[in-house]
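S.K.: Chain residues, written in single-letter form:
2 protein chains.
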Amino acid sequence: MIRPTEDQQYYELTSPTALPKASGFLWNNQMMIHMNCRGYAVAQFMQPEPAKYSYAPNLEAKTFMQPEQPYYAHHPGRFLFIKDEESGYIFSAPYEPTRQVPDKFVFAAGKHDIVWTLGHWDLRIQMTLTLPRDHAAELWSIKVTNTGSRKRKISLYPYFSVGYMSWMNQSGEYVDELGAIVCSAVTPYQKVQDYPKIKTLKDKTYLLAEKKPSAWEVSQEAFEGEGGIMRPSALESGTLACGDARYEMPTAVMQYRIQPEAGEEQEYRFVFGPAKDEAEIADIRERYFGFDGEKGTGEGTESGSEEHQAYSEYGFDAAARDYAAYVAEGRGSLTIDTPDKDLDNFVNHWLPRQMYYHGVTNRLSTDPQTRNYLQDHMGMSYIDPRSTRNAFLTALSQQRPDGSMPDGIVLYEGAELKYINQVPHTDHCVWLPVCLITYLDETNDYALLDEEVTYAGGEKSGTVFEHIDLAVQWLIGDRDERGLNYINQGDWCDPMNMVGYKGRGVSGWLTIATAYSCLVWADICERSGRSSEAADYRQQAEEINGAVNRHLWDGDWYARGITDDGVPFGISADEEGRIFINPQGWSLLSGAADEDKKERLIRSVAEQLESPYGVEKLAPSYTAMREDVGRVTQKHPGSAENGAVYNHAAAFYIYALYAVGEKENAYRLLRKMLPGADEADIRQRGQLPVFIPNYYRGAYRQFPRTAGRSSQLFNTGTVPWVYRCLIDGLFGVQGTPDGLRVSPQLPAEWNEVSVTRTFRGAEFRIAIKREDGVSETEVYVGGERIEGGVIRDVAEGGTYAVEVKLPL
Amino acid sequence: MIRPTEDQQYYELTSPTALPKASGFLWNNQMMIHMNCRGYAVAQFMQPEPAKYSYAPNLEAKTFMQPEQPYYAHHPGRFLFIKDEESGYIFSAPYEPTRQVPDKFVFAAGKHDIVWTLGHWDLRIQMTLTLPRDHAAELWSIKVTNTGSRKRKISLYPYFSVGYMSWMNQSGEYVDELGAIVCSAVTPYQKVQDYPKIKTLKDKTYLLAEKKPSAWEVSQEAFEGEGGIMRPSALESGTLACGDARYEMPTAVMQYRIQPEAGEEQEYRFVFGPAKDEAEIADIRERYFGFDGEKGTGEGTESGSEEHQAYSEYGFDAAARDYAAYVAEGRGSLTIDTPDKDLDNFVNHWLPRQMYYHGVTNRLSTDPQTRNYLQDHMGMSYIDPRSTRNAFLTALSQQRPDGSMPDGIVLYEGAELKYINQVPHTDHCVWLPVCLITYLDETNDYALLDEEVTYAGGEKSGTVFEHIDLAVQWLIGDRDERGLNYINQGDWCDPMNMVGYKGRGVSGWLTIATAYSCLVWADICERSGRSSEAADYRQQAEEINGAVNRHLWDGDWYARGITDDGVPFGISADEEGRIFINPQGWSLLSGAADEDKKERLIRSVAEQLESPYGVEKLAPSYTAMREDVGRVTQKHPGSAENGAVYNHAAAFYIYALYAVGEKENAYRLLRKMLPGADEADIRQRGQLPVFIPNYYRGAYRQFPRTAGRSSQLFNTGTVPWVYRCLIDGLFGVQGTPDGLRVSPQLPAEWNEVSVTRTFRGAEFRIAIKREDGVSETEVYVGGERIEGGVIRDVAEGGTYAVEVKLPL
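Those protein sequence lines, which keep their order, are chains Z and V. Note that numbering that gives the first Met the number 0 gives residue 642 to position 643 of the first sequence, counting from 1, and the numbers run on in steps of one. Note that numbering that gives the first Met the number 0 gives residue 796 to position 797 of the second sequence, counting from 1, and the numbers run on in steps of one.
Because the hints were derived from the structure by calculation, they are not lab data. One or more hints might be untrue.
Which copy? The list can't say, so a pair holds if one copy fits it or any two copies do.
Derived pair list, reagent style EDC-like, types lysine to aspartate or glutamate, alpha-carbon separation capped at 16 angstroms [said to hold, decoys possible]:
| # | residue 1 | residue 2 |
| --- | --- | --- |
| 1 | LYS110 | GLU11 |
| 2 | LYS196 | GLU626 |
| 3 | LYS596 | ASP193 |
| 4 | LYS198 | GLU626 |
| 5 | LYS198 | GLU48 |
| 6 | LYS190 | GLU795 |
| 7 | LYS110 | ASP276 |
| 8 | LYS597 | GLU412 |
| 9 | LYS103 | GLU263 |
| 10 | LYS662 | GLU775 |
| 11 | LYS340 | GLU5 |
| 12 | LYS198 | ASP276 |
| 13 | LYS597 | ASP555 |
| 14 | LYS501 | ASP316 |
| 15 | LYS501 | ASP573 |
| 16 | LYS190 | GLU575 |
| 17 | LYS110 | GLU5 |
| 18 | LYS459 | ASP737 |
| 19 | LYS597 | ASP343 |
| 20 | LYS275 | GLU48 |
| 21 | LYS198 | ASP627 |
| 22 | LYS198 | GLU172 |
| 23 | LYS417 | GLU48 |
| 24 | LYS190 | GLU574 |
| 25 | LYS190 | ASP627 |
For clarity, every value in this text was computed on a predicted model and none was experimentally measured.
Using the sequences provided together with the hints, build the complete structure.
M.R.: What follows is the structure, encoded as structure tokens:
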């Protein structure tokens, strides 16, 4: 099996399987390579710190998630292997890892659960995942039905990957009293000062089974054998070996050997998740299945007292019902019925769900970026305005006494500003008035402005009005002698970090956004009885717009900024990054663009930025580092901020188009946010329309092969802006201090639409129709025409039948 | 393909392959799960920072390398797919990823190259990897021979994994002018202050082919298709699609369609590695293959001028020869011929190679731990003593003016002390005298003691003697009122970090090591004419030994230490961590243990720590955190410092056994460092005897299933100590100021041994034999008996025939 060569220059191994980790290594003074006998390698070189050139597929440790990138064979997953005991045929649900295409396959992405239904080999497999409301755990139901005409002998192997937990300590075993596979680890650390934190972590992963399995395996390597993940060797045996993992990579796989009669259905339920210790796992068993030594580890549901039976049913199913109720709380305030059924489906169901997700989770961050936090809660104005109110109070309590906002909002005591929040950005104050107006439109809660809030540090205090006023003043003050806003190491565009890091560079977009903030804040001042302040801010906005037009207008569009060295960029003279979307749309909002500029810039956007998948953030995408612009130019062309159809920016633009009545342009671009309608488009995007991704790949003119691909990432500030586009723009059902203003901007192709709008406790059932002989929008309530289209004195609990007539 | 359900509660996808990344997501206020339609999942929960419970197999980002853990399907590797074009049969060399067992398989781990030879389907495949001497690159030769009797039609697909390079930017394409696949990335970063560092990195990975391929693929996903890594779909087509990767995970696979005649051999050569830019890749092509547009990208070697042909041959082959010469420079100073041929092979070939690797690379670190740096260079005393001398001067130039040593030695300007080097350890001064004595024994270079070296900070300066004297004084001074050495957050045992972090806990081992350091330093003082200092240090050692015996002797062995709270540990009253190896062996060296204690502790070690795979570091292994001992108790039982056969510690013990003449015990344990001799042992360890791993899994009495497994990690301070065991102990050929002392301690089972020892420029050919009538070791040179066994006045360039007679 092993032997030295005669000349003793080599040691030989004559089997690839006997010592699967046997290896040799080579090195020189620049590198090292550890070469495994089966072909695997770990190599690194010095520059001078160690680096790799052949990389692992380890998405996970490098980033939050990168679902656009390919999955790899051992990616974490939840699978069910099925073996026909008579023929030995093996397949897996839902598809990975064996990749046998079933006869029938349905993946149903639901609001409160996800369901697969497969048909294969006369078996029907249904796998359902849901979550509890308040607890980190997965609730799985697996139903298997014998759809054939004879009794079957099969084995089911639910396989829940655990993976590489820790180099310090990882192990796992089946714990009979818990009816669970319990895997244990110690999160790696080195410094004693980290121990108190590490000590509290939930370092166990468990797979808890309602029914006791026939057998199990906890060692990933023992499970796979030479068959590998695509055809694990352990499945070849009659029963799994009931092995454990001792400083071996754990897995959680169980086996149920069953013989269902024709037509018989069996259900298996599992809980999978993290825990601190075995006591917690016992509690979880109790909570979902009831705890009963006999029942918990007995064969199925026959054993166990009726009481426990009832409890068990109650626990698991009640949790699922409770979670459905929780998700249902995330209703929006708009239900539509238009000629576009795909849009209806998305707007009525998935869009508010996605907004709600952002609002209630803060993207699972302990320190959300300030701009994300405010915009995510802007969306909550339509779902749960109290949460928006609280978010404003929280954010303002972290505002610095000079009016500036921190880069992130700390939500947990002891949380720290991390990653991107350690990079100074200058735009955060913009979002205070811009997001607040939506809350006020929805609620008319101008009393919020009088709430007293302390500033960061706790010494100074002021009303919400004073806070935001100071923020707007800060924005106005943070400008150079030309009247343009400093960008420092970024504005809304995080990676635009080298335009102004020396302290001189300015942001065109941010200057325009400051002007718009002044206008919005002026409206709020006006509406809260502060007319003279309102006039001052409008004057301010006009002056800033003047500076913008003096320094940033490039002839057909606005420049994106001017670098530390005084070089304007995002202009026609640039070969890459010639035009950016954000200054264009916001200049429509701020009023900087007059009629001529508006036409030119809209044309320029259509010509240079519009693609079949939406409007790109910039074009052409940068293909090489531009050191006076920064990190954005290093991202892959067409990805993320470097010229993707970055939906957040696209939504700003669409919102601006509605603001200036460009309803056809607006609707065309809005519709491109969803995959479809044709199959080629769906395939290219590769995504279900259950969320809007943060981007679709751009650089359509440079790399058409990849353009349109969804990033698959559902964290995005896009969604509240899309909702505002619908409310304030497309369907025109925006709140005002006086009531509901009805002024739809339907695309020409729509003749008839109905909308249900909930607003300040009332319900408006609005029928919109194009009619002959109508020359402008006419709004009727109870047959009576409403001049100006504002339905006043909205009665809480009331129902309004509204009729809207539009010109043909 | 996709459709909403009638109740609009779900969106359905009816194919697992049409939108492979399509997904849904669920969340609650504690967690989020992103569920892919094929079963993959990304889930995280809050505690309060985001954490995982189902992990990726991402060894790489979490650690340097963990070769004991299982490889995963997409682990980086270098493979060759072979397709028989006529039958469609596909297999891969060396074994992964297709895992077809070939008819013949030989993996030959060589000193300067690694070679696989496979026979399968009438083809002979030879893959050879070597490195250049001074450059981070892999040099690959692939030879394919038609061993059948008819012409064949086959395709060869060298497949070099590139993997997930970066979320910021990753791409790849075949560059015709370079004859190379070039993959590009930007190392992820967020802060502008990191840019200058990032900017200089070699972020390209290239596969450079001598012969132009028929086709290629650069997209990992396009290459694999639904077939997956085990049977890539792209191999089903006649030719690869010549695709590129655009923000897609790149790979480097080429195709050569060939039709070898019976008996014909073809060779393909490649260079694979990192580069800064394409100019560098062009230089590399020039260096190894000669650069010629026609030749470089022409079909094979027919084209290209003869001049280039010659250059090409010269470049690649010369680099391989040069590398062989470089490795050959790592010769040790001992060649043995004993009854144990496996030991001979290891000692004559692999052991000095492993020492040399440590000495010339410093484990590919820019800031090696001080203790590693000194011990690794102790080993270089036998190979290249000038390097040892320089290492001492480097280390001492970073010594603090108070005599203490930093935790790591910074080797590059701008490098920082990282990871474990940010944790304060108290043992580093020990290694100065202990490692220096080996250098002095080998070289007699006592002049080194007079070299002037500045201290860290550059203000104070002193001779090497003064430096080390101060270090020993620091050790003596860093003791408590009982005379025991403080441990702070660790001694030799890195993760023993909570014994003394409050400032009171002491290390038993370190106290004993301080005594031994005093003895060694006393010898050096004596030999450099400082007799009174020598006497003082011997007195010091005796006093420290007294304290050790007063406070640490537990009845049958020495305690490992006393915690901050005054609790002795590593004692018979402990249920776990009852006995530690280090205090036992070092007490033999320091003289703390008298004859009675010696017998007791050797017996205790044999009973409690010895296993079939060597002597364990502690036993029983801790199975739960002990908060007054620390992180070592959290490592998995039997792994690493928590009770593995930690060979570094085992080597100390064996060295100590030789020091007190326990030659049978010593040899038995020494031999257990190598796998074998029987096949069951080799399988259990799972490693070739081409290096000693840092540990074999321990906890033999607790977890026998896993005990003995090699960690597969070849970075270890073990090897210079094993060499010292051979030189000072087993073969007894140690240097002294006067010459070479010959006093072998052969095990009883050996009757005859011959040894060639190079020493101070001379060669000693030593024949050792047991003879009847001999009562003590007799040493003869040229037939003349040498009293005391010390061969004096060694003449550089001389050859000595030495005969040694031992009692039967």
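S.K.: Could you work out which earlier hints the structure fails to respect and list their numbers in ascending sequence?
M.R.: Per hint list: 3, 6, 7, 8, 9, 14, 15, 16, 18, 19, 22 and 24 violated.
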